[in-house]
Amino acid sequence: GENVEQHPSTLSVQEGDSAVIKCTYSDSASNYFPWYKQELGKRPQLIIDIRSNVGEKKDQRIAVTLNKTAKHFSLHITETQPEDSAVYFCAATTNSGNTPLVFGKGTRLSVIA
Amino acid sequence: GAGVSQTPSNKVTEKGKYVELRCDPISGHTALYWYRQSLGQGPEFLIYFQGTGAADDSGLPNDRFFAVRPEGSVSTLKIQRTERGDSAVYLCASSSRPQGRTSESYNEQFFGPGTRLTVL
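Chain order of the listed sequences is P and Y.
In this text, residue positions in the first sequence follow the working numbering: the first is 1, and each later residue adds one.
In this text, residue positions in the second sequence follow the working numbering: the first is 1, and each later residue adds one.
Think of the hints as simulated: they come from the structure by calculation, not from any bench.
Treat the hints loosely; a few may be bogus.
Heads up, simulated DMTMM-like pairs for lysine to aspartate or glutamate below, C-alpha to C-alpha not over 25 Å straight-line [claimed, not checked]:
#: 1; chain 1: P; residue 1: K37; chain 2: Y; residue 2: E108
#: 2; chain 1: Y; residue 1: K11; chain 2: P; residue 2: D59
#: 3; chain 1: P; residue 1: K71; chain 2: Y; residue 2: D86
#: 4; chain 1: P; residue 1: K105; chain 2: Y; residue 2: D57
#: 5; chain 1: P; residue 1: K37; chain 2: Y; residue 2: E83
#: 6; chain 1: P; residue 1: K22; chain 2: Y; residue 2: D86
#: 7; chain 1: P; residue 1: K58; chain 2: Y; residue 2: D86
#: 8; chain 1: P; residue 1: K58; chain 2: Y; residue 2: D24
#: 9; chain 1: P; residue 1: K42; chain 2: P; residue 2: D59
#: 10; chain 1: P; residue 1: K42; chain 2: P; residue 2: E79
#: 11; chain 1: P; residue 1: K42; chain 2: Y; residue 2: D63
#: 12; chain 1: P; residue 1: K58; chain 2: P; residue 2: E79
#: 13; chain 1: P; residue 1: K105; chain 2: Y; residue 2: D56
#: 14; chain 1: P; residue 1: K42; chain 2: Y; residue 2: D24
#: 15; chain 1: P; residue 1: K105; chain 2: Y; residue 2: E83
#: 16; chain 1: P; residue 1: K68; chain 2: Y; residue 2: D86
#: 17; chain 1: P; residue 1: K22; chain 2: Y; residue 2: D57
#: 18; chain 1: Y; residue 1: K78; chain 2: Y; residue 2: D56
#: 19; chain 1: P; residue 1: K42; chain 2: P; residue 2: E56
#: 20; chain 1: P; residue 1: K42; chain 2: Y; residue 2: E71
#: 21; chain 1: P; residue 1: K57; chain 2: Y; residue 2: E108
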């Protein structure tokens with residue numbers, strides 16, 4: 001089955017700097033890669049996702065890149081703000097439509113004001 | 001509209017007891033998932049329903065765990081003879097029916113707030 005590795009496990013950045021979180025996956029059939037943000041005691045919330053037919057997607061300060069050949073994808077947050085502090089999870093899944101996600105172990109991002 | 005809801009928000013029980021955790025998905029969502037999240041870990045898949053039937057229960061750790069969705073909406077996760085190792089946050093998520101037959105048809109999974117289960 002699919003296995004997702006995520007690095008780093010913790011990340012501290014100064015406010016205004018960029019943050020990058022990287023994930024690798026094992027199953028070349030995976031074709032959907034969402035990123036979730038989870039604040040302390042709250043539910044995971046989708047912040048951005050990418051499908052295997054594109055290499056990059058951007059939404060304001062957040063971008064995700066995908067390298068299918070190397071089987072890795074990354075989350076980039078620019079101009080970080082204190083409210084970006086949270087745990088971020090990458091995930092992957094095979095097939096289209098309603099299949100379970102395989103999550104990484106998470107990255108705890110701290111943005112220092 | 002209302003999001004995914006879960007009850008109870010917290011459940012403390014004693015080792016060996018039986019517990020039920022409830023999930024109310026977003027209205028109209030056909031797919032429902034149960035995940036378990038241990039401290040410092042990502043959510044781990046338990047079971048997934050498409051309508052009333054369990055499409056994939058490969059994540060259930062053993063036969064003490066069972067889930068139902070009798071009318072294709074609300075789901076209940078049932079844990080028998082609870083063990084201390086069952087302590088975790090149990091998350092439910094739902095998503096809508098995929099449109100089309102391409103890789104674009106994946107639909108976002110919306111998570112509930114979770115039930116924190118503590119087995120003493």
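Now the hints, each set against the structure:
1. P:K37 to Y:E108: It holds: about 14 Å lies between the C-alpha atoms, which stays within 25 Å.
2. Y:K11 to P:D59: Not OK: Y:K11 and P:D59 at ~38 Å, beyond 25 Å, violated.
3. P:K71 to Y:D86: Roughly 33 Å separates the two Cα atoms, so the pair is violated.
4. P:K105 to Y:D57: 21 Å, holds
5. P:K37 to Y:E83: 30 Å, violated
6. P:K22 to Y:D86: Since the Cα atoms of P:K22 and Y:D86 sit roughly 30 Å apart, the hinted pair is violated (cutoff 25 Å).
7. P:K58 to Y:D86: Measuring from Cα to Cα gives roughly 39 Å; hence the hint is violated.
8. P:K58 to Y:D24: Judged against 25 Å, a Cα distance of about 32 Å means the pair is violated.
9. P:K42 to P:D59: 22 Å, holds
10. P:K42 to P:E79: 24 Å, holds
11. P:K42 to Y:D63: Outside the cut-off at roughly 29 Å; violated.
12. P:K58 to P:E79: Holds. P:K58 to P:E79 sits at ~14 Å (cutoff 25 Å).
13. P:K105 to Y:D56: Judged against 25 Å, a Cα distance of about 22 Å means the pair holds.
14. P:K42 to Y:D24: With a Cα-Cα distance of about 17 Å, the restraint between P:K42 and Y:D24 holds, given a limit of 25 Å.
15. P:K105 to Y:E83: 23 Å, holds
16. P:K68 to Y:D86: 36 Å, violated
17. P:K22 to Y:D57: 29 Å, violated
18. Y:K78 to Y:D56: The given pair, whose Cα atoms are some 16 Å apart, holds under the 25 Å limit.
19. P:K42 to P:E56: 28 Å, violated
20. P:K42 to Y:E71: Not satisfied, since the Cα-Cα distance of roughly 28 Å exceeds 25 Å.
21. P:K57 to Y:E108: 16 Å, holds
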